[in-house]
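**Student:** Here is how the chains run, residue by residue.
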Amino acid sequence: MYSQKVMENFANPKNVGVIEDADGIGTVGNPTCGDIMKMYLKIENDVITDAKFQTFGCAAAIASSSMATQMIKGKTIDEALTITNRQVIEALEGLPPKKIHCSVLAEEAIKLAIEDYRSKKKT
Amino acid sequence: MRRVYLDHAATTGVDRDVLEKMTPYFSDTFGNPNSLHSFGREAEKAVTSSRDAIAKLLGCKPNELYFTSGGTEADNWAIKGIYTAYKNKGNHIITTKIEHKAVLASCQRLQKDGAEITYLDVDKYGTVDLEQLKNSITDKTILVSVITANNEVGTIQPIAEIGRICKERGVLFHTDAVQAIGAVDIDVKRDNIDLLSLSAHKVYGPKGIGALYIRNGVKCDRYISGGSQERGMRAGTTNVPLIVGMAAAFEKAVLNSEENNKKLIRLRDELIQRIEAGIPNSYLNGHRINRLPNNVNFCFEFVEGESLLLMLDMQGIAVSSGSACTSGSLEPSHVLSAMGVPPEIAQSATRFTFGRENTMEDIDYVVECLKKNLMTLRAMSPLFKQEKGDAKHV
Numbered sequence: 001m002y003s004q005k006v007m008e009n010f011a012n013p014k015n016v017g018v019i020e021d022a023d024g025i026g027t028v029g030n031p032t033c034g035d036i037m038k039m040y041l042k043i044e045n046d047v048i049t050d051a052k053f054q055t056f057g058c059a060a061a062i063a064s065s066s067m068a069t070q071m072i073k074g075k076t077i078d079e080a081l082t083i084t085n086r087q088v089i090e091a092l093e094g095l096p097p098k099k100i101h102c103s104v105l106a107e108e109a110i111k112l113a114i115e116d117y118r119s120k121k122k123t
Numbered sequence: 124m125r126r127v128y129l130d131h132a133a134t135t136g137v138d139r140d141v142l143e144k145m146t147p148y149f150s151d152t153f154g155n156p157n158s159l160h161s162f163g164r165e166a167e168k169a170v171t172s173s174r175d176a177i178a179k180l181l182g183c184k185p186n187e188l189y190f191t192s193g194g195t196e197a198d199n200w201a202i203k204g205i206y207t208a209y210k211n212k213g214n215h216i217i218t219t220k221i222e223h224k225a226v227l228a229s230c231q232r233l234q235k236d237g238a239e240i241t242y243l244d245v246d247k248y249g250t251v252d253l254e255q256l257k258n259s260i261t262d263k264t265i266l267v268s269v270i271t272a273n274n275e276v277g278t279i280q281p282i283a284e285i286g287r288i289c290k291e292r293g294v295l296f297h298t299d300a301v302q303a304i305g306a307v308d309i310d311v312k313r314d315n316i317d318l319l320s321l322s323a324h325k326v327y328g329p330k331g332i333g334a335l336y337i338r339n340g341v342k343c344d345r346y347i348s349g350g351s352q353e354r355g356m357r358a359g360t361t362n363v364p365l366i367v368g369m370a371a372a373f374e375k376a377v378l379n380s381e382e383n384n385k386k387l388i389r390l391r392d393e394l395i396q397r398i399e400a401g402i403p404n405s406y407l408n409g410h411r412i413n414r415l416p417n418n419v420n421f422c423f424e425f426v427e428g429e430s431l432l433l434m435l436d437m438q439g440i441a442v443s444s445g446s447a448c449t450s451g452s453l454e455p456s457h458v459l460s461a462m463g464v465p466p467e468i469a470q471s472a473t474r475f476t477f478g479r480e481n482t483m484e485d486i487d488y489v490v491e492c493l494k495k496n497l498m499t500l501r502a503m504s505p506l507f508k509q510e511k512g513d514a515k516h517v
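Sequences listed follow chains A and B, in order. Residue 1 is where the first sequence starts when you use the numbering used here, and the numbers rise one by one after that. Residue 124 is where the second sequence starts when you use the numbering used here, and the numbers rise one by one after that.
What the hints contain is simulated information worked out from the structure, not anything from laboratory work. Accuracy of the hints is not assured; some may be wrong.
[Stated by the list, open to error] List of simulated lysine-lysine pairs, DSS-like, C-alpha gap at most 27 Å:
hint, chain 1, residue 1, chain 2, residue 2
1, A, K5, B, K494
2, B, K220, B, K179
3, A, K98, B, K220
4, B, K495, A, K14
[Claimed, not checked] Distance ranges between label pairs, derived from CB positions:
hint, chain 1, residue 1, chain 2, residue 2, range
5, B, L378, A, M7, 52 to 62 Å
6, B, I388, A, V18, 39 to 49 Å
7, A, K98, B, D436, 10 to 20 Å
8, A, Q87, B, F149, 44 to 54 Å
9, A, G94, B, D436, 13 to 23 Å
10, A, K120, B, I388, 51 to 61 Å
[As the list claims (entries may be wrong)] Derived contacts from chain A toward chain B, CB cut-off under 10 Å, selection only:
hint, residue
11, A11
12, P13
13, V16
14, I19
15, A22
16, N30
17, P31
18, C33
19, G34
20, I36
21, A59
22, T82
23, N85
24, Y117
25, S119
Yeah, the Cβ is synthetic: ideal placement off N, Cα and C, and Gly gets one too.
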């Protein structure tokens with residue numbers, strides 16, 4: 001049911017953990033429907049220098065988090081904002097139809113974390 | 124890699140002795156039991172003796188048994204067949220919130236045709252409320268359908284009492300005994316059961332065969348139209364090898380039940396004890412005593428069931444999950460919801476069902492892997508950090 005790439009990212013997820021002094025944090029989902037994704041970003045001069053995640057969810061949610069954090073590391077925040085759930089799915093070599101929402105959570109978590117960074121920067 | 128199969132409630136492999144008894148009926152004794160010639164008669168003899176054997180185990184007459192393609196068909200037939208036959212008498216059916224999908228979906232289908240369905244509540248252990256059952260029966264009630272033992276959490280229902288209540292009130296009683304055969308002592312006459320569904324593949328018989336018991340005197344509409352098989356009630360060429368296999372599997376399961384169940388209960392209780400003692404924030408689902416001998420079902424807070432299932436699978440352990448992700452719906456298990464388990468905890472439900480080949484060493488390995496995986500998944504979970512040490516009870 002899952003691609004090799006999803007299973008790799010589930011079995012050995014990259015960037016699991018917390019960034020204590022994160023510049024932006026994005027939390028999406030809720031435990032009732034079975035998925036919560038929390039993304040932490042370290043940002044210097046509008047470039048994402050580090051990204052970590054904590055996820056409560058299925059294999060697709062964990063793999064999407066792992067892939068999304070890998071995709072945004074080293075990117076400017078404007079570049080990171082252009083990343084879509086489709087790109088996460090492609091990078092994972094596909095997701096089953098009923099798991100598409102997991103990739104949407106990853107896209108939303110990135111956007112929320114950057115939004116959080118920008119709102120903190122203003123104040 | 125070590126492989127441990129703990130999903131016997133999903134299905135079992137065909138027992139070698141059972142397979143041996145089935146084998147001649149594929150290519151050697153292949154006749155159609157409906158044929159008058161010797162080839163047909165030989166096949167018919169095998170079907171008759173299989174029917175006699177199953178009837179003896181259930182305490183019914185052979186002509187009260189009808190072979191089906193499995194438990195799902197038997198459930199569909201019982202619910203829809205009774206409704207069609209009795210809808211002029213009344214349109215009310217009582218069932219429970221924890222039935223197998225085959226019963227629930229059949230009832231939902233009948234609602235579209237004008238049936239009124241009452242779905243009985245269960246308590247936190249998954250046991251049906253008998254008072255609510257008594258209060259729900261009206262003069263429009265034609266059928267009560269309660270699963271003998273739940274397939275997810277293993278809770279065994281007070282079937283004999285339900286049978287007595289139904290008899291007193293003059294309504295028919297159907298029970299889905301697919302998970303219960305061999306595990307629960309069933310006698311359809313003693314327990315006042317009017318209809319009962321069975322399946323072979325949960326007890327080391329072949330897949331694709333089951334049976335519906337319909338008490339003589341109960342009108343049940345024919346299910347599949349066509350030839351005269353199963354006394355005109357369920358047409359289609361008789362599946363001789365699978366019927367022979369089902370009878371052999373049931374005999375082995377029921378006649379050795381005491382010994383089998385003793386062994387299973389030892390394994391079951393050991394796993395429950397080891398999880399409760401060694402894994403914090405784990406909650407047993409279902410009744411502690413009135414429970415299928417092979418069933419263990421736990422929620423492990425802060426993790427999601429599918430992730431745990433897949434991690435165990437990578438270590439060669441096969442279990443089942445009640446999480447929404449696995450079932451393909453957005454809702455977690457309807458059984459746990461009915462028992463009042465909060466959805467975020469129900470997402471972590473994991474079912475371990477033992478079988479004849481499992482050993483105490485399997486439990487050592489499973490507990491070791493469980494601990495490791497739960498540590499990994501909990502460390503990854505944003506919920507765990509927030510609520511660490513806050514041991515909420517379900």
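**Student:** For this structure, which hints from the list above don't hold up?
**Tutor:** Hints 2, 5, 14, 15, 22, 23, 24, 25 are the ones this structure does not satisfy, whereas the remaining hints hold.
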